[in-house]
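Taking the hints as your guide, dock the two standalone chains into a single complex.
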Amino acid sequence: MSSPPATRQRRRRSQPSQASPADQTQTWARREDIRLTTGTGTFVGDVDLDGQLWARVVRSAVAHGVLVDIDVTSAAEMPGVVRVLTAKDLADVPQIPLRILSRPELNEFLQPVLASERVRYVGEPVAIVVAESARAAEDAAERVVVQVDELVPAMAVDEDHVDAVWPDATRDAMCVFTGRDGEPDAVFESADVVVAASFTTGRDTGLPLETRGLVAQWLGDELHLWGPTKFICFTRATVARWFDLPEDQVICHHVDVGGMFGSRGEVYPEDYLVPWASAVTGRPVKWIEDRNEHLVSINHSRGQTHRISIAARADGTLLGLRDEALVDMGAYARPIGGRVAELTVESLPGPYRWPALDVICTAVATNRTPVGTMRGPATFDTTFARERLLDILADELEMDPVELRRRNLIGADEIPYVQDFGAGTHPSVYDSGDYHLVLDRFLADLDYEALLEEVGQRRAEGESVGVGFAFFLDHSGLGREETVQLRLTADGRFVFYTTSSEIGQGLASMIITVAAEALGVSPDLIDVVANQSGEFDGGNGSFSSRGTIFVGSATQDAAFQLRSMLAKEGPQANPADADAWRALGPRTVIGRHTNDGPTYGFGAAAAVVSVEPETLDIVVERLGVAYDCGRVIDRPSAMGQLVGAAVQGLGGTLLQELTFDPDGQPQSTTFMDFQPPTVTEVPRVEATLLELGGTTSNPLGVKGIGEAGIMGVGGSISNALSAALSTTRAITRLPIRPDDVVPFAPPLPAAGNQLRSSFERRRPSEPASRDVTGAPGPSSRSWLVILAAGALGVALAARALRRKLAAKGHHG
Amino acid sequence: MKAPPISYAAAESVEEAVALLTEHGDDAKVLAGGQSLLPMLNLRLAQPGVLVDIGRIEELRHSGVTEEGGRLCGSLTTHRELEMGAVPSLGDVAVLRTAASHIGHLPIRTQGTIGGSIAHADSASEWCVLALALDAVIHVRGTGGARRMPAESFFHGFFSTALEPDEIITGIEFPVTGSSSANFEEYARRSGDFAIVASAVALDLREGRCESARIALGGVAGAPIRLPEVERLAEGHRFAGPDDEAVRELAHACAEAIDPPSDVHASSTYRKRLTEVLVSRAVAGCLRHDDSEGGRR
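These protein sequence lines are chains C and D, in that order.
Numbered per my numbering, the first sequence finishes at 812, counting up by one with no gaps.
Numbered per my numbering, the second sequence finishes at 1109, counting up by one with no gaps.
So here's chain D without its partners, still in its complex pose (with noise of 0.2 Å):
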């Protein structure tokens, strides 16, 4: 269980990784905290023939606010770091703390980072269930310049993405949505694990009045998803608060959407019942967040 053979380059700014990235197309890999790639790597399961280490680019560890007030977070941000709310663009953001918990064990939230498992886009992924809920945008940059992608049209199914081979992401933007109230809930059977059902829910409540709702799961596709015509329910419904049936039918309806797949950890059923008791919870807390707390996100 070693890695084969590999050339390996560090670069020092996304200039020179983007340069490196055009240089060697498919057959590079970007190493960020290479807590999915190095297993990979040892497993065989993926040969690049050149690892483009970014770890050394200063650029893409700060935070910060974006023009719009957007809240950006360099892809090199460790979970460890969100989780502990050490950055201060984002500490007021609960549900990062919430969500970056989940993950892993402590020395793979050390050294795990955002961008990272943004880009390796893992189904049951906290971060990629996170940033589809809040309408994160992944910036990135490659030889035609800098993009800004929505998550909702980035993760193109099972670990895959909207990126080119020449491309990085630099950051994730939160964007800000006063009155928005969000949470997250996974279920694993062992503490540590990926999950097996995840879900992050958002809601924009006015005075309990739903305006929007976004609604995301892991672990039940071959990518993370949205489920719009779910969150069309929400809208405009007065919730009563965190009991209110509608929690309970909203869930149902996301249970309903999906047709999740059956492996050696679940059976399709399973997760469709777990689907329904994590968005209800999901959704339960958000409207207790609203009642207690005016709004926060």
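Just chain C, same shape as in the assembly (with noise of 0.2 Å):
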């Protein structure tokens, strides 16, 4: 795939006007991002403590199996090693507990820190090395025996697994959630119309520029970790419950964190065990997980089956939605829980009015690393299946998408919107919004009409040219409460201390406007100490793009406290004024906000996509999204978030997926098969950003914006490629390779015979034959030995490698 070669984006008319340089040279330039982009800041791979040794976790190579025995002996006489512990050296072996409580079953599947009995998935920690070195470690993890008696790997989302991931559960369903609103079965049979189609999405995950990291040290009772984010509160009463301690005598230091996407900073089984090393062997340990770990051990996401049908009248209104989704949980359930699965019903729906509704989704364990939540979780996998259907829909009735969509879209004044689900499940209520008005503001920037007409003017001059739309629901900000503290120091500065992290999104900048506003003083005397528990340990953390929201409004909570404080010390106390601040300092307040339910931000995602057509390379010339977000803090940020997510999505829908074999064995461990588009891939994101409003969740009037980015983008670049290939059932499955579309390409030109002809005129005697000798294929086992030798750990087939590379050619 290939970003637009210059011609064609000096051929687009409607190439919609550019900010002026202005903008952009007033943008791009947040205080933290200095400090992060030029070296100096400070990440859990810089911290290093005295007397520290360094972890290594031995992973399962093998997917499914009973573990009969561990011998570390040879490892343990290694240089440099302290020790090595299996969960032989534990009395129990603690769990991973679930932090979403939705579905109390899920404790029948959580992942043990250490492997004791079973082992579930390629990557699953089996023992932990510690050693003088990252080095010595590394070496003597490699001479740990792990002996397993396989089991047949369960794969498989919809068959019957021969040998059962958890015998215990019926069909290794793990839980189930449902969705129904209306009379469906009525609905569906007196419509004019039905579609129905099946559609999955493959394996992705966040790809956070750091992978994951700890450094545990116990000083007495207290035990100092520097490398959780995200929700830095849940591990460390996690941890603390895990070692019997008080929460406050975990700390949580500050570090820097390069991406969360979602993935990182879940709790994870080295959170038991870098610290259980360091207990152990009376030292601090550090462990840094490399990228070919990172990949078989990070939460996966996506990895869904949707059997989709809707309902309609033959005018185009949507009368009923119908799903059978498949959630490939892996082989445990991590602390997220059902909230992918949850997440799958809820919003199947998307900005639509639905009379009747019928969806259930199953989640199902397999053989595959644990699934978690990614940017957008189910979101975008059920955007891109129901969008998809959508767009088979319009075909069907021969209506222009856009239109089928727009006269179905829940309308200003039926907000706020409330979204039954029936018993089981919690009703969604949109709580605010104008839908059609950023359609239609979208379309203007896009200029729409004058696109389609290109569009349809190169389709009859022969190119397979095609644009394709998808819209969205974004709900954003759950965890209910947040608690920040700002503290007026003696000299008159601000200091905001957070337990919520800065991953890159921009808290610092948003926390720093607000305050700034709130106080009425300039940005230049505010700090923002994020991603901690030592000097303020309140609040949750950062997940569901609920940073502006709570954070932001504790914020503007507290400033407001303290602005109140400075007002009572009488008239003549200015805001402006330093010394009237100094005068009131030190002081330290709580800013706090609660709300319990999320709200609801719309959005639309455009692309036009081309296909050439004897490589058949999909071009995506353009890629718009338009999301309303109430209100813009920080607009660098904000933009950022929108184009960043738009091309995370545009990997998981053209290029990124964690495949696996039969067998259960990772084939994307590295970045030769893990393909995340580059600057290279890239088409410039055209973002329509609005600020509409209107939402009563927060006192800022924001909608979250981490996520909004992603949604739409398989939905709408399958359209368009759909389109462009003028097949509309085309494109069914993501992330979409160039052998999805040979079968809807136009064959390459006939090869005439004149050469062969010739040739068996020339030379009569010669039989004539295709056969090649000089072109032998290489033997499928040879192949199956590069594909397994990229999983990690596989040492047998690593060892096969090696063995026929020593054997022949030695050069590098």
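Note that these hints are calculated values from the structure, not bench results.
Mixed in with the good hints, there may be bad ones.
Over the 12 Å line for every Cβ pair with chain C, so calculated as not near, a few chain D residues [what the hints assert, rightly or not]:
| id | residue |
| --- | --- |
| 1 | Glu-827 |
| 2 | Gly-876 |
| 3 | Glu-880 |
| 4 | Leu-884 |
| 5 | Arg-960 |
| 6 | Arg-1018 |
| 7 | Ala-1065 |
| 8 | Asp-1075 |
Rough simulated footprint, nothing fancy, chain C against chain D, three-plus residues with beta-carbon under 8 Å [unchecked claim]:
| id | stretch |
| --- | --- |
| 9 | 893–899 |
| 10 | 942–952 |
Selected chain D positions facing chain C (in silico; Cβ < 10 Å) [stated by the list, open to error]:
| id | residue |
| --- | --- |
| 11 | Pro-987 |
| 12 | Arg-1002 |
| 13 | Gly-1004 |
| 14 | Arg-1100 |
For each residue, glycine too, the CB sits at the ideal point set by N, CA and C.
Set out below in structure tokens:
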């Protein structure tokens, strides 16, 4: 795939106007970025303590089996090795607990911090080596011999498993969520038209620049940690429970974080293993995962199957939505519990009126890496499935796909709108917005009429090019409560402490902007200390695009408190007067925000996609995203979130996938096989960012923006590509590979026969043969070796490859 | 992702390198630009005992013209040098620059060497495919002295070559065939990735008549391959130009002749399609060059 060639860009009449140069120079300069992009940040990898040891996790190379024995003798004798620990060194093996408790039955599927009886995915921790250096630990880890009686890996979500991942569960179903509203049976029976299709999404994951890592040190009864992020209050509470400590004796120190994306910062086995290794050895222990490990052990996401159908009237009025969804949960329930499956149900209806709804989502265990959230969890998948099917419906009804959608969008006069799901799933309340207005603005920015004309003309000239849309609803702001601490220092500076995390999303800039406005002081007087529990340990964390909603609102509350304290000092106390603040300080206040329900923001994505007729290269010529975020606090951060998410979505739509072979061996364990888009594959993302306000969920009037940009990308690109191929049903799976296009692409021009007939004339004695001896294909075996060798720790395959390489050429 | 413990020896001369390789045998690996070997070490896919670094051997950087008039490129010549046309004896061979420009990213091209690529023998390697199409001769030296091996008999299959454990590549010789026109085409989904399929074609043309053709493919088998039977189809044909229908036929015959593997990146079917497209473009490119430039290589 590639971004559009320059000639194509020039051809485009409908290119919207660019932001003026002045705008651009103003924008991209957040205070926190300077430090992080000039090499002066302090990430967990930069933390080194006196006397520190290094840990290396030994991971299962087998997807499914009974653990027979772990022989650490040889590893323990390696130079520099201090200890090699397995589950046998633990009286009770702790488990990774649930954080989201909506399905308590998931407690049956928790992951032990070290496998002791069974291994259930490649990459599952089975031992930990502690050594004087990272190198020594890695060398010794290779010597740990893990003996497993292999079981048949359970890879399918829609077939019975020969050897169940969880023999006590029915058909490996971990939990089920349903959504039922209206009279679906009657609606589907009497509708003018019913369309149905199946859609799947491949596995993907967040790709923080910085892999996971942790440094642990015991000082007396205190456990000090560097590395937790996202939701450090939960991490801290979990670690405290594991080690039987009061929570305030687990201290999470601030470190910078190189990206989170929903996956980094959840509680993982290493959050126990590293402090445990430190306790056993009596020395600080550091662990930094490599990218190879990262791709098999961080939460995966996506990986859904939808059998979906829509009932509608002939005029395009939507009547009913039905879906049987299967979510591949991987081997264990991770802290996020059934949230991805629950969100699948909740996000399916999207921004439309559905008189009837009938959705069931089953979370199925497989022998793959466990699943958690990734930016736009479930909504990316459900938007793809629903919006693809809406295009199929539009085709069936011979309607314009945008018009079909517009007709069924929930109107501004219907908001707040309640989407019921029946028993077992909370109703959604779409609190505010004007979806039609957002759409109108988006179409105007895209110069839609001109675009359609241009694309129509190109199609008439024989080009494979198409336009596609996907609409979505982004819910944001879970987590109910947030507190921040504001300290006014004696010298008149304002310092905010939060356990939420600055993960590159611009939390610090947001806090400074909100606080400067509320306090009436210069932003230069305000500092932010995030991602720590040592100075202040209240609050929740960074997830569900809640930072501005919750931390921002709590910040404003704290600032207002201080402001009213200043006002009480008398009319002469002016916020612009630094002396007045100095006189008031030092002083500390706690700002708070609470709210029960999420807020819903409407958005749309649009794509123009063409197909190179010979190579079938998929060219995303234009990619646009529109979103109403209520109010923009820090424009560079907001635009960065929207555009960055769209680019990540492009990766999940066309390139990056975590694939497994039938034996459960992960095949995407390096960047040779897991291929995120680079700058040469990404078009300029056109963003329409609206501030329609109206939400009552928070005093700032904001909606979350961290995930909106990704949600409609899969749907819009796949719709555009299907249109380009003139086959509405063409694309049914993400990510899309050229192979998926082959069946719908025009065949290559027919080849003549003049060379062959002339050849046969020249050599009448030789039989005309199509067999070419010089071109033997590789045996399927040798390719298996390559693929298998990509998998982490597949010692056997790697050894085979090594032998092969050693026996043959030897240059590098 | 750190390399296992390993011994390191830097050779100052070819003789010293050969002596080190003789001493360590299969346990040694030659380090040139390190762009394939070092990642393999870090991923622990290769665990040799000794690295023999040939990077300091000045002789291996020398390029020039052989007694027979062939253009010799020292094995330590980097991809970047070839891309920039910085090797005097090869500066006019446009196809080398084209092929080099497809290799990895700039840092990789700046470090990686042509000799290293040829010795590593990745099926999708630009140099391996091109060496086959240009009938390159691989110059090697070992305990038994110097050998010259035609590229056609050099690549044995899946990362394996005709090199003996005590031999290193000293240079790559591109023979001069005055009437030859060559072209290189490849396709990868992202810029800088290994090609899904790569194709190099060389045609010896005399007034439009194809005296002989060499067609090489990468990414379609365990090793880069030539398609001699298809090549013979082209012999004697007088191409009317790049749009001659025979171009398509030749490309189609290539696709028919191979049985490429399927993997996570592409199916066998798609690789065949790409083969047809890329060979067709490469042949047409040769004919265009021949048209406009009177037989430039």
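| request: Run the C-beta distances from Leu-884 (chain D) to all of chain C and say if the shortest one exceeds 12 Å. | output: Leu-884 (chain D) is indeed farther than 12 Å from all Cβ atoms of chain C, at 18 Å.
| field | Status of Arg-1018 (chain D), Cβ more than 12 Å from any chain C Cβ | value | It holds; Arg-1018 (chain D) is separated from chain C by about 17 Å at its closest Cβ, greater than 12 Å.
| Outside-interface status for Glu-827 (chain D) - nearest CB in chain C farther than 12 Å | Given a closest Cβ separation of 17 Å, the condition holds.
| task | Answer holds if the nearest beta-carbon of chain C is closer than 10 Å to that of Arg-1002 (chain D); otherwise answer violated. | result | holds, 6 Å
| Does the no-contact call for Arg-960 (chain D) survive, Cβ to all of chain C over 12 Å? | The assertion about Arg-960 (chain D) holds, with a minimum of 17 Å to chain C.
| message | The output says Ala-1065 (chain D) does not contact chain C. Does that hold with a beta carbon cutoff of 12 Å? | response | Label violated. Min Cβ-Cβ 7 Å, cutoff 12 Å.
| query | Does the interface hint hold: is Pro-987 (chain D) within less than 10 Å of chain C, judged Cβ to Cβ? | reply | violated, 20 Å
| message | How does the stretch 893–899 of chain D fare against chain C when you require at least three residues with a CB closer than 8 Å, holds or violated? | response | Our answer is that it is violated, as 0 residues pass the Cβ test (under 8 Å) against chain C, missing three.
| field | Distance rule for Gly-876 (chain D), whose beta carbon must clear each one in chain C by more than 12 Å | value | holds, 22 Å
| request: Confirm or reject the statement that Asp-1075 (chain D) sits farther than 12 Å, beta carbon to beta carbon, from all of chain C. | output: Not fine: 6 Å to the nearest Cβ puts Asp-1075 (chain D) too close to chain C.
| Nearest-CB test (12 Å) between chain C and Glu-880 (chain D) | It holds; Glu-880 (chain D) is separated from chain C by about 25 Å at its closest Cβ, greater than 12 Å.
| Given coverage of the stretch 942–952 of chain D by chain C, tested with a Cβ cutoff of 8 Å and a minimum of 3 residues | violated (count 0)
Violation of the numbered hints given earlier is confined to hints 7, 8, 9, 10, 11 and 14; the remaining hints are satisfied by the structure.
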